[in-house]
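Novice: Here's the letter readout for the chains.
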Amino acid sequence: MLTMETLCKTYPNGTKALEQISLNVDAGEIVALVGGSGCGKTTLLRMISGLEAPSRGHVAIDGETIHAPHPAIGLVFQEARLLPWLTVAENISFGLDDLPKAEQDARVDEALLRVGLAGYGKRWPRELSGGQAQRVSIVRALVTQPKALLLDEPFSALDALTREKLQDHLLALWETHRPTLVLVTHDVEEAVALADRAIVLQPKPGRIFADIPIDLPRPRDRLSAEFAEAKRLVLTALDGSINQPNPHQPGKVYSPAAGGSF
Amino acid sequence: MSEATLDTPNQTNAQPQAARFAVFGTSFLIGLVLPVTATLLYEGAFRLGLVQARLLPPPSRIFTTLWTLAKTGELTTHVLATTWRVGMGFGLGAFIGMLLGALTGASRNARRLLDPMLQALRAIPSLAWVPLFILWLGIFESSKIALIAVGVFFPVYLGVMAAIANVDRKIVEVGRAFRLSRLALVRRVLLPAILPDFIIAIRSGLGLGFMFVVAAEIMGASEGLGYLLVDGQQLGKPDQILAAIIAFAVLGKIGDWLIVVLTKPFLTWQDTHQRGA
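So the protein lines, in turn, are chains A and B. Following the numbering used here, the numbering of the first sequence begins with 1 at its first residue and continues without gaps. Following the numbering used here, the numbering of the second sequence begins with 1001 at its first residue and continues without gaps.
One should not assume that every hint holds.
[Stated by the list, open to error] FRET-style restraints, in silico, Cβ to Cβ:
| no. | chain 1 | residue 1 | chain 2 | residue 2 | range |
| --- | --- | --- | --- | --- | --- |
| 1 | B | Ala-1018 | A | Ala-53 | 40 to 46 Å |
| 2 | A | Thr-176 | B | Arg-1182 | 48 to 54 Å |
| 3 | A | Leu-99 | B | Val-1036 | 57 to 63 Å |
| 4 | B | Val-1186 | A | Asp-168 | 38 to 44 Å |
| 5 | A | Glu-52 | B | Leu-1032 | 53 to 59 Å |
| 6 | B | Thr-1068 | A | Lys-122 | 50 to 56 Å |
| 7 | B | Arg-1182 | A | Arg-56 | 27 to 33 Å |
| 8 | B | Thr-1026 | A | Arg-218 | 30 to 36 Å |
Note that these hints are calculated values from the structure, not bench results. Note that the structure is a prediction, hence the values are computed from the model and not measured. Heads up, the beta-carbon is just placed ideally off N, CA and C, and yes, glycines get one too.
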């Protein structure tokens, strides 16, 4: 469904953000991109979204190469990024301009109900808490019914309790249309709670270090032994990605300058 | 007033009408404290014979002059003439400033092409245009309006250009992610985003409009508040000069207040630290 082929990104100042990323994501799959800071996971997401162009390689959705933001792909940012001059309802219908007004209203009302914000439609964004704003931002991306939804550390600014609630909200929303989800996170627990696969990225330059399937039934019990085991696997890979040279490039000499001097 | 805000903690604009007027009334009165005190002090000093009233007449005499001017209808004529000139010049200057500011703010190429020339023109003291405008447009209304428009143009142009160029990248990206066309991006994201800055720009534009109407009227007019100033100087009537100055202050304040009041409904979304104060 989403295919990335030998994606590379070098910034004008010579920084190599990503090198040779190849990845396939199936329809309806939830994939978590995990990695330490500076591993290029946000850059990768921005290239899938079409906001940034790769230096080499290409991204495609259902075989169609992505050059610019694509109608079938929704995007949720790290901050809610609601437009402050629009009410909550107007923010949610921001991408629905082509639909008749009645259909817009119906979708907005349903969306607000789904995220527990019924009756909040006429409020201003400044009147929402961080968690409420991020819920609005998620449904703003979902009401257009995209085939794929990209989320860039959407819950990282929230407290632990709110974060867990919003992860559950996200899964409940995903259940209805089952869009493909690609989620960038630095939170291993979040990756294991949500994803079918955790892709661990290695920094400098960003490469795929490990691709770990998480075969746990949903709803997932965060306190179970299996959950803990999956978390341990991803954490070990994450540690390895920071402390070791790339296993896919055996000839390369490990240098402490490349990160990992603990 | 306080119980009204407590009743509706989460609602905007839900304060009862009466409470809002009370708030408005209070702040209006606070604003009057300094000018009224100064007026009374001076009047008192005059009555006690502490100041010479030949060059700075006491408030009572200024207001008598103002009242006489108003009664004969003379004041209305002058105020209307000045208002009309400022209105025309401001409309023209603000409109062109808005268009060019939006263009140079949104397009880097337009900025490269237009901005250097406009900045160079801005460096010319605007009064230097007067002889040329009189030569081109005659000594009557057109040259005055042109001068006012030039004065209004620059703050509006600069304000709009800077505001558009400074719109948060993250907000613009939301527009891009939803695949807005260039025009839709301007209409649905850029324009609402710059509205607060735009209002400040036209307010400073209007202020300069009043500055230049005085210049224009001093240089030759048979009516207008600026004419009253010159007339007062030539006939040695400081009370008339001060009356005209007071009329300017009132007129300018009303103009500014109108902009603020008329645009307020479009800014209720703002999340500023003085909200509700």
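Novice: Of all the hints numbered above, which does this structure not satisfy? Sort the numbers upward.
Specialist: 1, 2 and 8
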